[in-house]
Amino acid sequence: MAGLNTADGQLRAVALLRARLLINSLRSVRHRLNLVSRAIGVILVLAAGIGGGFALAVLTWEVTKSGRLEWLALVFWAIFLFWQLFPIMASAFNENLDLSGLLRFPLTYSTYFLVRLIYGALDIATALGLCWLLGIFTGIFAAAPRLSLWAAPSISLFALFNILLSRAVFVWIEHWLSHRRSREIIGIIFFLVVIGFQLVGPLLGRYGERGSRLQLHVPAALLFLQQRLPPGLTSAALTNASLKRYSDTAISLLLVGIFGAAAFLLLHLQLRDQYRGQNPSEGKKRAEPVASTAVSRGWSLPGIRGPLAALYEKEIRYFSRSGPLLFTLIMPLVVVLVVWGGRKGFLTHQAGFALPIGAAYCLLLLTNIVYNSFGADGGGIQFFLTSPVSFRKIAGAKNLAHLTILVVDVSILWLGIRVVYQPPGIEAIALTFAWFLFALPLNLAIGNLLSLYSPKRIDYATFGRQRPAESTILLSLLVQMGSIAIGAVAIFISRAYSNLWIATLIMLVLAVPALAGYFILLWQLDRIVMRRREVLATELCKT
Amino acid sequence: MDAIVTTSLTRRFGEFTAVEDVNLSVAPGQFYGFLGPNGAGKSTTIKMLTGLLAPTEGSMQILGLDVATHLVDVKRQIGVVPEGMALFGRLTGSEFLNFAGRMYGLDRDTAAQRTAELLDFMELSAQPKTLVTDYSHGMQKKLAMAAAVIHGPQVLFLDEPFEGVDAVASGTLKAMLQRMIARGVTIFLTSHVLEIVERLCSHVGIINKGRLVAQGSLDELRSGVGAAEGKMSLEELFLQTVGGPRNALQELSWLG
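Respectively, the protein sequence lines represent chains A and B.
Using the working numbering, read the first sequence as starting at -16 and increasing by one per residue.
Using the working numbering, read the second sequence as starting at 798 and increasing by one per residue.
Chain A on its own, in the form it takes in the complex (with noise of 0.2 Å):
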C-alpha cells in the first residue's frame, strides 16, 4: 500500500480542496462579485471580532478591577448562545461544503473526526466566539495578572466545550435536515422566528409602558440553573478564583470539563453513525403503494382556458407546496399585529396610511417570487423550452399568479386593519389601488427582465438555496424603493394641498406608462428568451 496518504497527507488534501473550490468558483463574473461581498463580510466580522474583543477586555478589566466577576456570567451565556445559533442561522443564507462526501475515501474514523472538528470549526462563530474569549481574557490578565493563571483553562475549557457542542449540534441539523420534510419544517421555524423578531417592536411598543412598572423577576429556579451549566460554570470558577476559593474553582472547572467530554461523545457518536454509513436517505420512507385513484382533470378558470390554465394552475400548487413562500401569506397578519401594536404609537396620527403602507410592504414580500420566478421551475425550464407555448404567456401565468397573491395579501391586510383598527377609508382604498396600479407593472415587467437576465436556480426545501443571485437583489430593492418613494412623494405633495386624492391621481397617470412597459415588454419576451435559452437552461438545471 505504497504510497497511500496519511492522515496529515488527507487532511491537507482537504484543505487543498478547500482552497481550489474557492479559486475555480473566480471562474464566472457573478462568483467573482460574491468573493467582492464576502470580503465585505470578513472586514464586518474582523470589525465585530476585534471591536467586540476589545470592548469586552474593557467590561471585563471593569468587573475584575471591581470585583464583580460574576457579573461576566451574562457575557459567557451572550457568547455561548451566538456560538450554538449563529452557525445555524448562518446556513440559511450559505450552501456549506458536505464533509460527509469525504466518506468515499480511505479516511480512518480518526481522520475523519478531526477533518469535521478542524474545518466544520472554521465559521464565523468560532472565530468571533474566539476573538470576544481573547478579550475578555486581556482584560483579566491586566486588572489582575495572577488570576489569569485561572482564567486560561477556565476560558480555553468553554471555548473547546463551544467548539465541540456547536460541531455536535450542526452535524444532528446536518443528518435531520437531510429529509425534505425536515427541510421545509426547519424552514417555516426559521421565517417564524423572523417574523417573531418583527413582533417585538410592536409588541414593545404597547405593553412598553405597563412593562416598564413591573419588576423583572428572575425565577430563582433559572438562575439554579444557569449556575450549573458551562457559561454559569466559568464564570464561578473565575469568580471563586478570585476569592481564593481554589477548590470551588477547580469543581467548577471540572464540571465544564464534564460537559465538553458530553459534547464530544455526542459529536464521536454522531460522526461514528455517519462513519458507518448509517445516514438516512430519502428513499427509505417512501410511501406504501396505494391504489390508483381517479386523475384530476386540472383547474377549470373563467376566462382563462388551455395552456394559461394549466400554467396558472401548476404556479398555485407550487406556491401552496413551497413552505417559505407560505411566509409571504403570514406576513399581511404580522402586519395587521404592527397596526395594532402602533395604535397608540406611531399610527396614532396617521391613521389612514396603515393600508398603503401594509400594501407596499406586502409587494416588498413578493420580491424573491417575482424576480426570479423561474428559479424554483428548475430544469422544467427545459419543458418550458421545449414546449410550444409562448414565453408571453409562460411569464403571464406567473404574474397572473404573482397578481392573486397579492390580491389575497391585500384582502387579508384590508379584513385584518378593519376588525382590529378601523375600516379604510375610501380614499386610502383608492390610492392604495392607485399606486398598485403603478408599482405593480413596474416591478412585474422589471422582475419578468431580471427572471431571464439573471436566473438562478432556487430550492425552498433546501437551507441555502433560496435566495435569487445577488445582482438581482440589489436592482429588486432598488425597483422597491424607488416605487414606494414615488408614492410617498405623491402622498406629500397631496398633503401640501391637503387632499389625498391628488396622489391616487398622479399614480394613475404614472400607472398608464408603467402598464404600457409591461405589456410592451410581455411582447418582447420571446424574443430576449431565444437569445438567453443557453443562460436560462444551464443556470437553472444546475444541481
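These are computed hints drawn from the structure, not numbers from a lab.
Careful, some of the hints might be misleading.
List of simulated lysine to any residue pairs, SDA-like, C-alpha gap at most 20 Å [stated by the list, open to error]:
(1) Lys1006(B) to Arg873(B)
(2) Lys525(A) to Gly881(B)
(3) Lys227(A) to Glu53(A)
(4) Lys926(B) to Glu53(A)
(5) Lys926(B) to Lys525(A)
(6) Lys376(A) to Arg873(B)
(7) Lys439(A) to Arg873(B)
(8) Lys439(A) to Lys971(B)
(9) Lys227(A) to Lys376(A)
(10) Lys971(B) to Ser988(B)
(11) Lys376(A) to Tyr501(A)
(12) Lys525(A) to Lys1006(B)
(13) Lys1028(B) to Val1010(B)
(14) Lys439(A) to Lys1028(B)
On a predicted model such as this, the values are computed, not experimentally measured, just so you know.
Fit chain B to the supplied structure of chain A, relying on the hints for placement.
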C-alpha cells in the same frame, strides 16, 4: 420527405467547436441511434434539434419545417426527453402529466384520460400523492418519457433515456418505444449503451469530435469496410469508427 434533416449544422462555444458540419438525414418511422464517445457532440446536436440551443451555422428541418423559422410548429409535433429530464419537482406525477398535456394543447378531459393511461402503463399510479422530486431516478425517467409522448408526437428526441434505469423500468420504456415505432413515429435517441441501440435501432449515426463519421442502416454499417468476415457487432463498428482504447494497462503498470 425526411423527418429530420440537418445541413452543415455547426455549433461553436468560443474557440471550441462542439459540432461541425453535421449533415443528418432520418427518414420517417426510423429508430435512429445517435452514438459517440463522451463529449463528441451528441447532446449539443439534440439540444439544437429541439430548440434548446441555437446553431452557430447550418440549418435544420423537422417534418419539412425549418426549425429556425417555424420553431413553435416544430415543437407541437415533437416530444423531448432532454438530458436533465425537464421535470417540475413540486408537482405530483399525475399533475405533471396533466400539465404537460394541456401545455401541448390537449383539452382537460383528454389530458386527464391520457395521464391515467400513461401512469398505469409506466407503473407510476401507485403513489398518486408523491411529489416528482421524491421519485427514484428510474421513476423520473419514466415520467419524463410519459410527458414527452402525451400529445402523440410525430418525432421523439431522447437524450440518454436508459441512463440509470433498472432492467424493469428499461423494459417498460423499450416496450413503449417499439409500440411508437410500429405506429410510424420517428425516434432519435442518444445512448452510451450499445446493446440497447443494437437491439432497438434500425439506423445509426456516429459522431466523433463534433463530426458525423458514419451514418446508415445498422446492416449497411456492420457489413461495411473493415468487416473481416460477415458482420461486425455494433461495439466493434463503434470502436473502429471512433478509435479503439489505448493500451491503458501498459501505462498504469502500478495497478499490478
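Okay, which hints does this one fail, numbers in order? Of the numbered hints, 1, 4, 5, 7, 8, 9, 12 and 14 do not hold.
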